[in-house]
Amino acid sequence: MKTIKRTKKILAIMMCMVMLFGFSVIASAETTPRLIITGFTTDKDEVKSGDTFEMTVSIQNVSKKSDISNIKLTFSTANNEIVPASGSSTMYIEKIAKEEVYELKITMKAGADLSSKSYVMDVKFSYEDRYGSPIEDATTLVIPVYKYTSSFIAR
Numbered sequence: 003m004k005t006i007k008r009t010k011k012i013l014a015i016m017m018c019m020v021m022l023f024g025f026s027v028i029a030s031a032e033t034t035p036r037l038i039i040t041g042f043t044t045d046k047d048e049v050k051s052g053d054t055f056e057m058t059v060s061i062q063n064v065s066k067k068s069d070i071s072n073i074k075l076t077f078s079t080a081n082n083e084i085v086p087a088s089g090s091s092t093m094y095i096e097k098i099a100k101e102e103v104y105e106l107k108i109t110m111k112a113g114a115d116l117s118s119k120s121y122v123m124d125v126k127f128s129y130e131d132r133y134g135s136p137i138e139d140a141t142t143l144v145i146p147v148y149k150y151t152s153s154f155i156a157r
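Residues in the sequence shown are numbered from 3 upward in steps of one, following this note's numbering.
The set of hints was computed from the structure by calculation and includes no laboratory data. Since the model is a prediction, treat every value here as computed from it, not as a measurement. Mixed in with the good hints there might be a few duds.
Claimed, not checked - Taking CB as the label site, the calculated pair distances span:
{"no.": "1", "residue 1": "P136", "residue 2": "E48", "range": "32 to 42 Å"}
{"no.": "2", "residue 1": "E96", "residue 2": "I39", "range": "12 to 22 Å"}
{"no.": "3", "residue 1": "E48", "residue 2": "S128", "range": "25 to 35 Å"}
{"no.": "4", "residue 1": "T33", "residue 2": "V122", "range": "26 to 36 Å"}
{"no.": "5", "residue 1": "T142", "residue 2": "N72", "range": "20 to 30 Å"}
{"no.": "6", "residue 1": "K100", "residue 2": "T43", "range": "21 to 31 Å"}
{"no.": "7", "residue 1": "S118", "residue 2": "D69", "range": "38 to 48 Å"}
{"no.": "8", "residue 1": "Y148", "residue 2": "E102", "range": "26 to 36 Å"}
Stated by the list, open to error - Derived lysine to any residue pairs resembling SDA-like cross-links, with alpha carbons at most 25 Å apart:
{"no.": "9", "residue 1": "K74", "residue 2": "D131"}
{"no.": "10", "residue 1": "K126", "residue 2": "T58"}
{"no.": "11", "residue 1": "K107", "residue 2": "E56"}
{"no.": "12", "residue 1": "K107", "residue 2": "K149"}
{"no.": "13", "residue 1": "K119", "residue 2": "G41"}
{"no.": "14", "residue 1": "K46", "residue 2": "T141"}
We put the CB at the ideal spot given by N, CA and C, even for glycine.
The task is simple: from the sequences and hints, build the whole structure.
This is the structure:
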């Protein structure tokens, strides 16, 4: 009898917590939905210093249960070696459904004086799960750039 009363008391306390804190108690028991970049392509076989190129980034919501919304992505390199050709380095996506892959197209510009090497591009994510809870994450892309050299033949 005491065990039943104690169980009822614990359930009542848990119900009060849910009522006071909303669904956050329930939501925290689920796994956090994650965005990952599964790859990227460029419209050029080789990106050369000074090139303007279109980059297509494949972004996947790997959650099996939750859509992700209000997604903000910020792209940057350490010394602005590769930047958006126009506009902002921050992009917005309204929603990516569970297990969906979203193709984001960005026109980028490689600096004219870049040497031949791979440049690391940081990608920062901020988004909301289905309860509106904010989530932040980050990853990197590695973009090889080749130095443009001109040659001529002297006569």
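Each hint, compared with the structure:
At roughly 39 Å, the beta carbons of P136 and E48 sit within the given window of 32 to 42 Å. For the hinted restraint 12 to 22 Å between E96 and I39, the CB-CB distance of approximately 18 Å keeps it satisfied. A beta carbon spacing of about 33 Å between E48 and S128 agrees with the range 25 to 35 Å that was offered as a hint. Distance hint for T33 and V122: a CB-CB separation of about 29 Å, consistent with the stated range 26 to 36 Å.
As the Cβ distance of T142 to N72 is approximately 23 Å, the hint placing it in 20 to 30 Å holds. Taking 21 to 31 Å as the suggested C-beta distance range, the pair K100 and T43 conforms, at roughly 24 Å. Between S118 and D69 the beta carbons are some 42 Å apart, a value that agrees with the proposed interval 38 to 48 Å. Taking the beta carbon of each, Y148 and E102 are about 34 Å apart, inside 26 to 36 Å as hinted.
As the CA atoms of K74 and D131 are separated by approximately 13 Å, the hinted pair is consistent with the 25 Å bound. Under the criterion of a C-alpha separation no larger than 25 Å, the hint pairing K126 with T58 is consistent with the structure, at around 16 Å. The hinted pair formed by K107 and E56 meets the criterion: a straight-line CA distance of about 7 Å does not exceed 25 Å. Straight-line distance between C-alpha atoms of K107 and K149 comes to about 24 Å, which keeps the hinted pair within the 25 Å bound.
Between K119 and G41, the direct Cα distance comes to roughly 19 Å. Compliance with the 25 Å bound is thereby established for this hinted pair. As the CA atoms of K46 and T141 are separated by approximately 23 Å, the hinted pair is consistent with the 25 Å bound.
Consistency with the previously given hints is maintained throughout, with no hint failing.
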